[in-house]
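Just need the whole structure built from these sequences, with the hints factored in.
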Amino acid sequence: MPKQNEWSVWAVLFANLFVLTAGVLSAVIFVLRIAHQATPSYPDALGLGAVWALFLSSLWMALTRPRRTP
610 MPKQNEWSVW AVLFANLFVL TAGVLSAVIF VLRIAHQATP SYPDALGLGA VWALFLSSLW
670 MALTRPRRTP
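Letter by letter, the sequence shown follows residues 610 to 679 in my numbering.
Because the hints were derived from the structure by calculation, they are not lab data.
Ranges of calculated distance between the beta carbons of each label pair, as one might list FRET restraints:
1) Ser-617 - Leu-665: 17 to 25 Å
2) Ser-617 - Ile-643: 34 to 42 Å
3) Leu-641 - Ser-617: 35 to 43 Å
4) Leu-672 - Val-637: 23 to 31 Å
5) Val-621 - Gln-646: 33 to 41 Å
Backbone N, C-alpha and C define an ideal beta-carbon position, used for all residues, glycine too.
Spelled out as structure tokens, the structure:
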């Protein structure tokens with residue numbers, strides 16, 4: 610059975626994967642709108658920035674959290 614620390618690491622990894630996927634999809638939609646000469650709306654840019662900020666902040670917290678030594 611995994612320890613509590615292993616569960617939290619896996620939870621952070623899967624959450625970051627989900628957020629990264631959402632960020633990539635929103636970036637693709639953003640670029641496709643520009644390619645089709647449609648002006649990207651303010652919510653598109655805001656959502657794209659929010660998704661990437663969430664991903665980077667959660668990754669930063671996961672990498673810099675204090676480690677417990679057994």
